[in-house]
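There are 2 protein chains.
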Amino acid sequence: MGAISKDGLNIANKSREIVRNKIKEVLGDRINEFNEKEMGIIERVVHATADPEYAKLLVFKNNPIEEGIKAIKEEKPIIVDVNMIKAGIRYNKVHCFINHPDVYEVAKKEGITRAVASMRLAKDLIDDGIVVIGNSPTALFEVIRLVKEENIKPKLIVGVPVGFVQASESKEALREVNVPSISTIGPKGGTPVAVAIINGIIAYAKNEKA
Amino acid sequence: MGAISKDGLNIANKSREIVRNKIKEVLGDRINEFNEKEMGIIERVVHATADPEYAKLLVFKNNPIEEGIKAIKEEKPIIVDVNMIKAGIRYNKVHCFINHPDVYEVAKKEGITRAVASMRLAKDLIDDGIVVIGNSPTALFEVIRLVKEENIKPKLIVGVPVGFVQASESKEALREVNVPSISTIGPKGGTPVAVAIINGIIAYAKNEKA
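Read top to bottom, the protein sequences are chains A and B.
Each residue of the first sequence is one higher than the last, beginning at 1 in the numbering used here.
Each residue of the second sequence is one higher than the last, beginning at 211 in the numbering used here.
Extracted from the complex, chain A is given alone in its bound form (with noise of 0.2 angstroms):
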């Protein structure tokens, strides 16, 4: 992950080894239900937050991860929510557009989230693209909809908004649109959740260990 050093990399085996424990411990039986990419992300997950409850959380639905690595292998943008996200993932087109004067000018005038302004404003983008939202329900809420009412079509969502307010609520409404998706069940997510999520598919795409 990114390691140069002898340390560096002595405490990422190390880590992997516990992390990979840690989840056998939760999962039990259900271990068997995910295929080796599946179990790269999860682990990934649980080694960013420390939380091995996210082996429970996390679900795939319509082949997202080999979705993905094509949308990635063909050089598709990405779009996320918040820079924090855009901070952490290590792939050239990510685009971010919450601080953009548009966005504040359209959420003041529309009284929208920026979240939802800025989704709409990355509407082109979004089509054909990948979308990875870590913070906001409402932005997820918002892509949703693009998909729903506008026929726009993400290669990838990655959904893992984080809250106890429409946060579940959005997460689940990804699950039922018919979009490969890899989101997380309850309140909980974030950036780190989000950027382990698109950084291990990124290195599947460069055909490295996740």
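Read the hints as simulated data drawn from the structure, not as lab findings.
For each residue, glycine too, the CB sits at the ideal point set by N, CA and C.
Careful: at least some of the hints might be erroneous.
As the list claims (entries may be wrong) - Calculated pairs, EDC-like style, for lysine to aspartate or glutamate (alpha carbon to alpha carbon, straight line, at most 20 angstroms):
| id | chain 1 | residue 1 | chain 2 | residue 2 |
| --- | --- | --- | --- | --- |
| 1 | B | K280 | B | D337 |
| 2 | A | K206 | A | E74 |
| 3 | B | K266 | A | E53 |
| 4 | A | K70 | A | E36 |
| 5 | A | K61 | A | E176 |
| 6 | A | K70 | A | D127 |
| 7 | B | K398 | A | E17 |
| 8 | B | K247 | B | E263 |
| 9 | B | K363 | B | D338 |
| 10 | B | K286 | B | D334 |
| 11 | B | K398 | B | E386 |
| 12 | B | K333 | B | E315 |
| 13 | B | K271 | B | D338 |
| 14 | A | K61 | A | E169 |
| 15 | A | K188 | A | E172 |
| 16 | A | K206 | A | E75 |
| 17 | B | K398 | A | E53 |
| 18 | A | K14 | B | E379 |
| 19 | A | K188 | B | E235 |
| 20 | A | K56 | B | E263 |
| 21 | B | K416 | B | E277 |
| 22 | A | K56 | A | E172 |
| 23 | B | K224 | A | E169 |
| 24 | A | K188 | B | E263 |
| 25 | B | K283 | B | E248 |
| 26 | B | K398 | A | E25 |
| 27 | B | K303 | B | E284 |
| 28 | A | K56 | A | E169 |
| 29 | A | K188 | B | E227 |
| 30 | B | K358 | B | E382 |
As the list claims (entries may be wrong) - Not close to chain B: a few residues of chain A, all C-beta gaps over 12 angstroms, as computed:
| id | residue |
| --- | --- |
| 31 | E38 |
| 32 | I69 |
| 33 | D127 |
| 34 | D128 |
| 35 | K153 |
| 36 | V177 |
| 37 | N207 |
Following the hints, put chain B in place on chain A, whose structure we already have.
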């Protein structure tokens, strides 16, 4: 928390109420151990992670919030371990050297992690500045070494590296040095925890509600 629309504000208010109740459940009578400003920081962390367990994990040592507020008012620099944290902090003087060319070189030559090399490079800024570490235990150990061996005196260390290897130990070591600090007990932590804490302190310094 940056919300400008009615929807955004409604979500923030509802969320705050739920977060407060969850914290009460987790802390029980221990809730009286924390003052108002500390509670504000705890609320921000639980809000950012949707994980009420953090109410039990956060440790405030040597008056860290007041020292942090003072340092922010004096416009002291903030030094962070990863760019995701830099992207999340609402403050102008934030430095991250993890991708600095010198850091790559020093890490390779001396067989240390890039995180360690980045803290060593930031030594003069760390003296009298604020350190925020949300990812790397080795970076935190290096800052502790600078304090102990090189008489470097940070105004505040927010030390919440995440992971199953060395993270707990690095935070225990932090709590043993005589520096204002905010940390977590155990493996949990991470960039959103770090950002929630320091943005809370910045908000206090600006006389905003946390």
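Hints, verified against the model:
1. Taking the CA atoms of B:K280 and B:D337, the gap is near 15 angstroms; set against the 20 angstroms cutoff, the hint holds.
2. Between A:K206 and A:E74 the alpha-carbon distance is near 12 angstroms, which keeps this suggested pair within the 20 angstroms criterion.
3. Among the hinted pairs, B:K266 with A:E53 is consistent with the structure: their alpha-carbon atoms are about 18 angstroms apart, no more than 20 angstroms.
4. With a C-alpha separation of about 17 angstroms, the suggested pairing of A:K70 with A:E36 holds against the 20 angstroms cut-off.
5. Taken as a hint, the A:K61 and A:E176 pair is honoured in the structure, with Cα atoms around 10 angstroms apart against an allowance of 20 angstroms.
6. With a C-alpha separation of about 15 angstroms, the suggested pairing of A:K70 with A:D127 holds against the 20 angstroms cut-off.
7. For the hint linking B:K398 to A:E17, the alpha-carbon distance of about 17 angstroms falls within 20 angstroms, and the restraint holds.
8. As the CA atoms of B:K247 and B:E263 are separated by approximately 19 angstroms, the hinted pair is consistent with the 20 angstroms bound.
9. At most 20 angstroms may separate the alpha-carbon atoms for a hinted pair to count; B:K363 and B:D338 meet this at roughly 6 angstroms.
10. Note on B:K286 and B:D334: the hinted pairing holds, with a Cα-Cα distance of about 12 angstroms set against a maximum of 20 angstroms.
11. Proximity of B:K398 to B:E386 is assessed by CA-CA distance (about 19 angstroms); at most 20 angstroms being required, the pair is judged to hold.
12. Of the supplied pair hints, the one linking B:K333 and B:E315 holds, its CA atoms being roughly 17 angstroms apart against a limit of 20 angstroms.
13. For the proposed pair B:K271 and B:D338, the alpha carbon gap of about 17 angstroms is at most 20 angstroms, so the pair holds.
14. Distance hint between A:K61 and A:E169 is fulfilled; the C-alpha atoms sit about 16 angstroms from each other, no more than 20 angstroms.
15. Only pairs whose Cα atoms come within 20 angstroms are accepted, and A:K188 paired with A:E172 is accepted, the gap being roughly 13 angstroms.
16. This hinted pair checks out: A:K206 and A:E75 have alpha carbons roughly 12 angstroms apart, not beyond 20 angstroms.
17. For the proposed pair B:K398 and A:E53, the alpha carbon gap of about 12 angstroms is at most 20 angstroms, so the pair holds.
18. Restraint check for A:K14 and B:E379: the C-alpha separation of about 15 angstroms stays at or below 20 angstroms, so the hint holds.
19. At roughly 18 angstroms between alpha-carbon atoms, A:K188 and B:E235 fall within 20 angstroms of each other, so this suggested pair holds.
20. A threshold of 20 angstroms between alpha carbons decides the hint, and for A:K56 with B:E263 the separation of about 18 angstroms falls inside it, so the pair holds.
21. As the CA atoms of B:K416 and B:E277 are separated by approximately 14 angstroms, the hinted pair is consistent with the 20 angstroms bound.
22. Distance hint between A:K56 and A:E172 is fulfilled; the C-alpha atoms sit about 15 angstroms from each other, no more than 20 angstroms.
23. In summary, the hint linking B:K224 to A:E169 is supported, as the alpha carbons are separated by about 15 angstroms, within the 20 angstroms threshold.
24. Between A:K188 and B:E263 the alpha-carbon distance is near 12 angstroms, which keeps this suggested pair within the 20 angstroms criterion.
25. As the CA atoms of B:K283 and B:E248 are separated by approximately 18 angstroms, the hinted pair is consistent with the 20 angstroms bound.
26. Restraint check for B:K398 and A:E25: satisfied, since their Cα atoms lie roughly 18 angstroms apart, inside the 20 angstroms limit.
27. With a CA separation close to 11 angstroms, the supplied pair B:K303 and B:E284 stays within the 20 angstroms bound.
28. Restraint check for A:K56 and A:E169: the C-alpha separation of about 17 angstroms stays at or below 20 angstroms, so the hint holds.
29. Pair hint A:K188 plus B:E227 holds up; C-alpha atoms about 17 angstroms apart against a cutoff of 20 angstroms.
30. Distance restraint check for B:K358 and B:E382: the Cα-Cα separation of roughly 15 angstroms lies within the 20 angstroms cut-off, and the hinted pair is therefore satisfied.
31. Every CB of chain B is more than 12 angstroms from the CB of A:E38 (nearest about 21 angstroms), matching its label as outside the interface.
32. With a least CB separation of 23 angstroms from chain B, A:I69 remains clear of the 12 angstroms interface cut-off, as annotated.
33. With a least beta-carbon separation of about 24 angstroms from chain B, A:D127 lies farther than 12 angstroms from that chain, consistent with its non-interface assignment.
34. At roughly 26 angstroms from the closest C-beta of chain B, the C-beta of A:D128 stays outside 12 angstroms, upholding its exclusion from the interface.
35. The Cβ of A:K153 sits about 26 angstroms from the closest Cβ of chain B, beyond the 12 angstroms cut-off, so the non-interface label holds.
36. Residue-level check passed: A:V177 sits 21 angstroms from the nearest beta carbon of chain B, beyond 12 angstroms.
37. Distance to chain B confirms A:N207 as a non-interface residue, since its nearest Cβ pair spans about 23 angstroms, more than 12 angstroms.
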